[in-house]
Each structure stands twice: as structure tokens, then as C-alpha cells.
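From first to last, the protein sequence lines are chains A and B. Every position in the first sequence, counted from 1, becomes a number in the numbering used here once 73 is added. Every position in the second sequence, counted from 1, becomes a number in the numbering used here once 51 is added.
Bear in mind the hints are in silico, worked out from the structure with no lab data behind them. Do not take every clue at face value.
In silico DSBU-like pairs for lysine-lysine, Cα to Cα no more than 30 Å straight-line [what the hints assert, rightly or not]:
no., chain 1, residue 1, chain 2, residue 2
1, B, K127, A, K138
2, B, K178, B, K309
3, B, K292, B, K96
4, A, K153, B, K355
5, B, K386, B, K231
6, B, K387, B, K330
7, B, K394, B, K351
8, B, K127, B, K292
9, B, K127, A, K234
10, B, K231, B, K309
11, B, K394, B, K96
12, A, K153, B, K330
13, B, K99, B, K292
14, B, K351, A, K153
15, B, K96, B, K178
16, B, K309, B, K394
17, B, K96, A, K153
18, B, K355, B, K292
19, B, K127, B, K309
20, B, K330, B, K355
21, A, K138, B, K237
Over the 10 Å line for every Cβ pair with chain B, so calculated as not near, a few chain A residues [what the hints assert, rightly or not]:
no., residue
22, L236
23, H246
24, S265
25, R322
26, D351
27, V369
Since the structure is predicted, the reported quantities are computational estimates derived from the model, not experimental observations. In this text, a Cβ means the ideal position worked out from N, Cα and C, and glycines have one as well.
Chain by chain, the residues run as shown.
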Amino acid sequence: MSEPTIRSPIASGSNPWHRFFRGVLDRLTIGMSMGGVIMMFGILLLIFAVLLNGAWMAIGHIGWKFFTTSTWNPVPGMDKYGVLAFAYGTAVTTLIALLLAVPLSIGCAVFITRIAPQWLAGPVSFLVELLAAIPSVVYGLWGAFVMSPWLQTHFEMWMWKALRNIKWIPVGHYPGHRTEYFPANLVHGGPSGSDFLAGGLILTIMILPIITAITRDVLQQFPEELEQGAYGLGATWWQTTRLALTYCRVGIFGAAVLGMARAIGETMAVVMVIGNTDRISSSLFAGGQTMAGVFVNEFLEADHPIYLSAMMYVALTLLVSALLTNLAARVLLNRIAPA
Amino acid sequence: MFKAFHKFLMVAAPAALLAIGTVGTSRAVEISGAGSTFVAPIMYKWIKIFQKSHPNIKVDYEAIGSGGGINGLIGKTINFCGSDAYMSNAQIQQAGGAVLHMPEVAGPEVMSYNLPMVHKQLVMNGKLIADIYLGEVTRWNDPAIKKLNPGVKLPDLPILVAHRSDGSGTTFIFTGYLCKVSPTWKKQVGQSTSVNWPVGRGGKGNPGVAALIEKTRGGLGYLEYAYAITGHFPVARLINKDGYAIQPSMPSVIAAQKAVVENLPADLRLHIINPSGKKAYPISGFTYLIIDRDLGYMSKAKAKATLEFIHWILTKGQKYAKTMQYIRLGPAMQKKVLAQLAKATWKGQHLSY
Chain A
74 MSEPTIRSPI
84 ASGSNPWHRF
94 FRGVLDRLTI
104 GMSMGGVIMM
114 FGILLLIFAV
124 LLNGAWMAIG
134 HIGWKFFTTS
144 TWNPVPGMDK
154 YGVLAFAYGT
164 AVTTLIALLL
174 AVPLSIGCAV
184 FITRIAPQWL
194 AGPVSFLVEL
204 LAAIPSVVYG
214 LWGAFVMSPW
224 LQTHFEMWMW
234 KALRNIKWIP
244 VGHYPGHRTE
254 YFPANLVHGG
264 PSGSDFLAGG
274 LILTIMILPI
284 ITAITRDVLQ
294 QFPEELEQGA
304 YGLGATWWQT
314 TRLALTYCRV
324 GIFGAAVLGM
334 ARAIGETMAV
344 VMVIGNTDRI
354 SSSLFAGGQT
364 MAGVFVNEFL
374 EADHPIYLSA
384 MMYVALTLLV
394 SALLTNLAAR
404 VLLNRIAPA
Chain B
52 MFKAFHKFLM
62 VAAPAALLAI
72 GTVGTSRAVE
82 ISGAGSTFVA
92 PIMYKWIKIF
102 QKSHPNIKVD
112 YEAIGSGGGI
122 NGLIGKTINF
132 CGSDAYMSNA
142 QIQQAGGAVL
152 HMPEVAGPEV
162 MSYNLPMVHK
172 QLVMNGKLIA
182 DIYLGEVTRW
192 NDPAIKKLNP
202 GVKLPDLPIL
212 VAHRSDGSGT
222 TFIFTGYLCK
232 VSPTWKKQVG
242 QSTSVNWPVG
252 RGGKGNPGVA
262 ALIEKTRGGL
272 GYLEYAYAIT
282 GHFPVARLIN
292 KDGYAIQPSM
302 PSVIAAQKAV
312 VENLPADLRL
322 HIINPSGKKA
332 YPISGFTYLI
342 IDRDLGYMSK
352 AKAKATLEFI
362 HWILTKGQKY
372 AKTMQYIRLG
382 PAMQKKVLAQ
392 LAKATWKGQH
402 LSY
């Protein structure tokens, strides 16, 4: 396919008035889009500057220890602030959500684009998108009053009974010198319903629609001639689908990155089900806290300067880590992108 | 078409101007407050009723959290602040050095639990609650609980401790109580709107804590009285300073106010924690209206309206407390609070309200 030649829009046309207006319009459009870019960049810089300014006091007082300790004690006079437990919580819940949501979403998108008959694909698609329209706090309340009790009495109970005595690999020690084994350690402490698993599951439901919707749109772009070609060469349905997924991998990866971004930043729903403690535990049944969660929990009542500054430090950490993960995703994307 | 529009303009524009003019001439004074979410339900009711009898005053209240309210008072961006925690000395200095704290209603805190197999109301004391929250008492059939509840068959269940995950005045009062009854708690944890909890899980707001208690057999947590009563949650009787087991209720909280009213600090900054008396309930806090002692930073009309509104809350407004499940001020307490309000000035001058 050859590129169509593009004439400079400013110089084209025969009527000088048309030419003039087109020139003005073009310049205006170019100016506006550049303005938009500058504004977006400016807002990001501004947020960064405000957070840095707010966190300055905490950075001076706590420094690097902020990233290596996990005690969060905001009592005036005791003031100890470490973000490690919250960073761990964010990482674990996001990971659980991605591990569950990505395969589910891809399956869902394949169903909509390649399996479901026309009359079914539309409604299913619509229902999945409807999930995206539910406000976060509604997920939270549903999570706290419906999902988490069910998790505790059914799913976690079953998982606990299945795993608690399976001790394959020693991975460490609990306080009190008992050896910690994998995978029994994943269910240590017994079912509670307010834990990393519940946080991860609620995030799974929340990022499902965005990943599904984008994956569906990408799969619809799979070229007809490749599809026909594959079948023509004798490929089965499954082989063709695999080809489509491979062909669309960049888009699907992008969808997962967007889902991840949402999972990292999600607040209310996670806060309602994660148990809100500042502990690090390898057990999925242990309570935890995320960086965004501690913000929504404590920011309003952060009533003395160093406490408030430490909150800003958390926000700054969240912003920088979100930027870094997105950057890493971009690098990975370039790796897998077809040349 | 154009003509019709023109006609419309000719009629509508003066009418609109007139409308703006009439609003302008009635000179509604607008005052704004911000802070405590705990007091918000009754505050909105107060505002609605107050504005009916005072159409010339428009009151606006934003429930942004006590800390936010205090910051508003420090920054002089609001006319009055609602707060569940009283201001610290450092905060008062930041706000200019002279503020007035006026308790408006009291809010007891209750210990709620989930033990469907226990049919008798449980009794607890301060030491036990502190030990549970320190992680020293971990099971419901612990001898310490048995001793306080003779004859009650207690199950062999772990205690699932629930606390607030969000910074809140409720936690401030609760941890204040634990500091008073347990030296270990005071040394290891302390009092604040958020603390470093030794054990348990956090739930956001009263609904979050209630959800944690409700879903697990063996759950225990502290809730605001109004929330627990409207939700029909089981609550424990608490042993007070003089050894009586007290049911959280309006009479027992008014009795608690009565017990402290004689020894109130001059600035009324206190919570009613562990008062003595036969009928006094041990954990309740006040929620405060806080204003600058001198309201010179706002216009005279606004200062007058602010004082009028607060005076109305402290007198006529008190009778609405009960229907909203708050506890009104006892008569002796009310007198003290009104005396506090009388200290307010505008540029050094006492205003009538």
C-alpha cells in the first residue's frame, strides 16, 4: 500500500479567500492541539510540584527510611511513617487483579467477537460495559456486605481446607520460629474475607470491563484476508483465533496496562474490603492496605504538619510509581511490537 | 422569530433584573461552616428548621471532616467549624490564639459484638477492652471475660477486633478512653484520630466497622451510638469508674455530663471519659462548634448571624437531638456552654443576638 500524497493544506485551493480561511483554521487547530498537549504536561508537572512541596518536610525528616519501613504511626509525638506495607498492598492486589482479569477479559472478548452469534454478542458486550458504569463506592459496599462474607464462609473456607496442610517449599519463618511453607502460607491465619484476596477480587471485577472492551475492539481489527488465509491453509478455528490473538498482542497488552493503571489508583472499593492494616504478610488471607487506600482513609483527618506531609509523600510515591510502571509497560510494548 | 425573541427580552430582562433586585434588597446574610461528618445529619436538620424562622440568614455546612473544619477556621475561610475532636494548643495558636469551644450534642460510643449464640447482654470493662485491642485477650472464653459475665456460656471463638480505618473523632475519643483505663495502651499506642493498631482489621466509617463485626462470629468493635441504635446492633454494658454496669442510653450519657460539669476546664475542651457516678456511661464525647473568640475577620452582619445560629442550636435546637439519636446537653452543661458563647465579640464589641 502506497501512502497517498499529502499536499500542504495551507497552500492548496485556488480561491485566495478559501486559502486564507483554511490557513487560519489550520493554524488554529494546530495551536489548540499543541495547547492541549502543553496543558496536559503542565498539569502533570503542577501536580508533581504541589506534591513535592507538600511532602518536602516529610522527605527531610524521614528520607529513604520511608521506603524501607512499614510502621505507620500517626499519633502526635510518636510519628513514624513508612510506606512499604502500603506499596506491598498495592502491588499484591494489582497483581491478583491482573492475573485474574486478563485471561477472563481475553476470553470474554474472544467470545464476543468470534463465538457468540450476533444477537448475543451485543447484549453481552453491553453488560460488560455496564460494569464500568457502576460507581466505585457501590462496588465497595457490595464487596463489604455481600462478597466478603461469602468469600469468608465459602471460597476462602474451601481454599483454606485445601491448602493449609500442603507444605512443599519452606519460604521463611513466622514470628515464634515456626517454618513457613508454600503454599500453606497463602492461607495462613484462616478465612477472614477482609484481606488481599478480597481486595484483588474486587479490583478484578472493576478492571474487567476496560480490558474486555479494548481487547474486543482490537480483535475486531483482525484483517479479514488473514482470517480467510488461515482457514484457506487448513487452520482450525482455534489456530486462527491464536493467530488473531498474536496479531493483536500489542493492543491487548495496552488494554492490560490501562487496567493496571486503574487497579493501582482505585481507592474506595478496595478500602471497603481489604481490612486496612499496615502489615506485610505472604498470606492472601491477611489484612492489608494500599497507597491510594491510606490516602482516602486518613487524609481528611491528618491533623498535624508532619502527618499531612507524610500523606503527601505517599501521594508522591504513588504518582512516581505509576509513572514508572507506565514507562516500563511502554518499553515492554516496544519489545513485543511487530517491527 | 426574531421579533418574538426581542419581545421576550423586553419583558424578561427587566423581570430578571427585578428578581435579582428583590433578592438583593432582602439582604440574606450567608454564613458557612465546615467540619465534622458525625454531626452532619443533625446539622442539616438544624439548618432547615432554623432558616424557616430566620429567612434572612442562609447557613451552609460542608461535612468535610473535623480536620478540614479546623483548617478552615485556621485559614479563616469559614464562619464556624464543627469538630469532634477539640483543637490542640498548637492548632489554637495557629488560629490566632483565642477560640471558643462549644459542645453542641454528645455522642456516646458503644462496644458492639457478634455472638449469636450468646443471648444475655455482655458486660465489659475498660481494662478488658484495652487488653483485647492490645492483642492480649484473644478468645471469647478468656477468664477475664468469664469473670465479668458469670453464668454466660461463652464460645471458644477468636475475637475479631474491628476498628476505624479512617481518621476520625470517634477513634480519638475511643483511644482516649483506652489511655485512661490502661497505662500500657497509653505508653504503646496513645490517643489520636488514627493510631497504629496492634491487632485487628480496619473498616471505613461506621458502616465499614459494622460490616466487619456483622460478618464474622466473634466480631467486636466500637461504633457511634446513633449508628448502633438505628442498626439494632447488640451492645455491651460497660462497667464505669465506680463499678456499675451501665447501658448506653440518653439518661446515662446526661448523667455522665452531670458528673463532669462541676470540674469542667474553663475552655470546655474535654471528652466525658470514665466519669464517676452511679448512672454515668463511661465513653462519650462531645462534638463541638468552634469559632474565633473575636469574629472581627468577618462582617458585622455575618458575625451576628453566626452567633444567632449557634445560640439557636444551643437552646431551641436541642430538642431535635433525640429524634436524630444524638444526646442533648444536660441543663447544667447547657448553661456553661451559653456562658462560653457570651464571651464572643466582634472587633472587641459584644453583639446582641
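Okay, which hints does this one fail, numbers in order? 1, 3, 4, 8, 9, 12, 13, 14, 15, 17, 18, 19, 20, 24, 26 and 27
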